[in-house]
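Chemist: Given next are the chains, with one letter for each unit.
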Amino acid sequence: METKAFQKIYTKITQITKATCSLNAEDVGYEELASVNGRLAQVVKIQGASVTLQVFGGTEGIPSNAEVTFYGRPPTLKVSDDLAGRFFNSFGMPLDGGPEVEGEEREIGGPSVNPVRRKQPSELITTGIAGIDLNNTLVTGQKIPFFADPDQPFNQVMALVALRAKCNMIILGGMGLTNDDYLYFKNVFDNAGALDRIVSFVNTTEDPPVERLLVPDMALTAAEYFAVDKNQDVLVLLTDMTLYADALSIVSNRMDQIPSKDSMPGSLYSDLAKIYEKAVQFPEGGSITIIAVTTLSGGDITHAIPDNTGYITEGQLFLRRDTEIGKVVIDPFRSLSRLKQLVIGKRTREDHPQVMNTAVRLYADAANARTKLENGFDLTDYDERTLNFAREYSEKLLAIDVNIDITTMINTGWSLFARHFKPEEVGIRAELVEKYWPKQE
Amino acid sequence: VIDFVILQQDAFDPVDRVTPMKRQKYMLERVLDVYETGFEFNSFEDVNPYFKRVINEFKQMNYSEYESDRFSKHEEELNKIIDEKKIA
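One line per chain: the protein sequences are X and D, in this order. First residue of the first sequence: 1, per this note's numbering; consecutive thereafter. First residue of the second sequence: 1001, per this note's numbering; consecutive thereafter.
The set of hints was computed from the structure by calculation and includes no laboratory data. Some hints here could point you the wrong way.
Stated by the list, open to error - Taking beta-carbon pairs under 8 Å as the criterion, some of the chain D residues facing chain X (in silico): (1) Glu-1045; (2) Asp-1046; (3) Lys-1052; (4) Asn-1056.
Claimed, not checked - Derived, one-sided and incomplete: chain X residues facing chain D with beta-carbon distance under 8 Å: (5) Thr-380; (6) Tyr-382; (7) Gly-427.
Every residue, glycine too, gets a C-beta built ideally from N, C-alpha and C.
One chain only, chain D, in its complex shape (with noise of 0.2 Å):
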């Protein structure tokens, strides 16, 4: 996830060409919220196709404007994602 969300810069995205702090601060957060929340899968299998839908959701962020209606809309698709599969 750090990987795909945080390293993983698109030079050629309009938004994610360029990150201020307050955003890359605010995004490191929400990838380590995610390392520290326990998550439990039915079977292993399960584990890849559902972190490639935080990913996906996670990036969606990357490309929208920082606080703006898009972005708040995928991380609320985010928290959803979330909430399937963490451990209460």
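Pulled out of the complex, with its shape left as it was, chain X reads as follows (with noise of 0.2 Å):
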């Protein structure tokens, strides 16, 4: 980091806490950078003369009268097209022994655009996976976490859709990853051959927590650019959402801020607001779309981490074992985009959001006959039809593995209805049956 000629050295810290030093100082801005004893820090707090910054590094060591330096601007990224196919830390430095990128430097956590510049989300992205697609369809400028236990999957799911998503650019934001996982997102991508179009921030488990703050703000700089400056349909993919918020609740207790529900601070709500409500379609073209992963504690959404995110995104995607076929779904109960409704059957083919509908409410069948079943009542012909649906159901269409356009998935739909029930058993709209119903089952 650069200083400047005359710079003011402070030398007097008045309190220190795990993550965060105070001390007195004068013309200082919020979020404007610092350097603690030649430590990373960042303004959190002004209250009158005293200044909180909190201490990327961690305060481990630092003496009470260590040299404070004030940098006079927040943290910034240096964008052009060059960030494609790079892998960086928390402050925007390469990962990957390759050389600092060379562009605009552009101040990061910038506002989010107005709403009146926003175009409604109109464009579908693909991934592929039918528990998205035909279930839950995303859309070009959409904001929807994945909700999933910590043991379940969600960065190889994250890895499925990044590189399945008809997008021109991904982000990938990594908090709290393991190094497993950090080279499982490089070993992934680089085989795909989809390097080029990818660009990742990455916090690791053995940097210090507090770091992984930057690193949603330093994904969505990039996704800017090439959605303003380049017209790009970008997806930014963060996980894991419930480590940057636990990172923020470090922060805010270390600061004597009182905490708010299950120890989050009370401006957990704003602070995830703000990286979510990035997502947006221009007018001109571009876009950014956003897919979290936020894992919960033992399923629990009451938790403040998914019951805020719940109220800003649009939508969930739930990921859950079915011990039936041994495979991970996307549970279609619990799982919802609320931004279907402006692609499908408009963009995709009339019957889809029928059968979508129907297909879900006969699982939904299965699973009161599941219940019969294991309170020891007898099944009727429908219950046992409905119950080897749901196995095919879960085996062919909610599986994360598998990988089908849009069309196939609807008519893997039509072929399973027709495989297990009768037309009038599935209650669609009539011209629909006529036209798609399979006429050889």
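Relying on the hints, combine the two individually framed chains into one complex.
Modeler: Below, the structure is given as structure tokens:
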């Protein structure tokens, strides 16, 4: 980091906690970067003359007379087309041994786009995963999280989505990734020959947790460059937002802020919304779509992190292990894309909404039949058929390893209906049944 | 029947997404007619498939413009199905 010629050096720290330190300083702004005993820090609170800095590397070993200098500007990222294919740390410095990127230096963490300047999302993003494309169709400019237990393969699903999604650029923001996950992403992108359209900002578990607070803003600044300057459709993948929120709570608690629900800062909603609200469809054509991962503690969706996330985002995708088929599926009951109605039956075939609804209704009938079975009741012929349907539906459509186009997904739905049910049992509009019900089955 | 026909409105269907009050009242009265009708079945196994047919015709009425030919056609079909098992 460069410093100014005549720079004021402060040497009297008044308070030190594990992640922050405070001192009296003048002419300092919020989010401004600073150096504390050579460690990078950022202004998080100003009260009168007292300034609190969050020290990214932690405060261990910092004496109370440590040298503190302020840089006079918030964190920045140099943006250019050279970002593509590169891996960076939380500060935007190369992790892959390559040279530093030359380009225009932009402040990170700017405001989100004025709603009147946005276009209503209307373009489909396909992923090949039927649990998403068929039941919870994604739209450019949408913001949606995966809710998953920590032991579920959410990073593998994110990598699949990244490789299959039909968009121009993918920005990965990895927070608290294990080294295995980091290498997994690197290898998968490399092997697929897709590195040239992927930019990654990675904070691993070996890095100080507080550093990961910069990752979403770095990723979104890069995304804004490609979406605004280049009119490209950009997909931003953020994993794991729970670890991001944990870092927020560390800083907040160390600043003696009164914790809110689940020890989270009272500003959690605003902190998360500042990130998710960057999802946008521009009238000129570019877009930023955000898919995040929020890991749940013991499946608890009432925890402050998923709860606040659910109020901001446009739906959620729930991962669940289906013990019957032994695969991870996108749970159709708890998943929802709130923008799917903007594209299904419009950008996709006319029968898409009814096939989607009917399949989920029959899957719900199967869940009722399973409850009957578990409670020792006799099953009717219809119950048996719903259970057989549910097994095939999970295997052929809900499992995350499915990779087919939307029309094939809809046709698969029809063939499953025809194999297990009569037309009058599915309750689909008669004209659609006449047109699409498989003739040979 | 009341769940499938009255409560489960199809927000994605061009007709069913909006239900004028007159039509809603009419459909509810038709469903209540079914509730007040006595039916006779040879076995318990016959009940579920029979009501699946009843529900399907009700749903086809929901998908048809109110008082259109298509609506009347599905209503006639519904009446026929009800007459099959109705206790005289």
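Chemist: Are there hints from earlier that the structure breaks, and if so, what are their numbers?
Modeler: Number 2 - this is the single hint that the structure violates.
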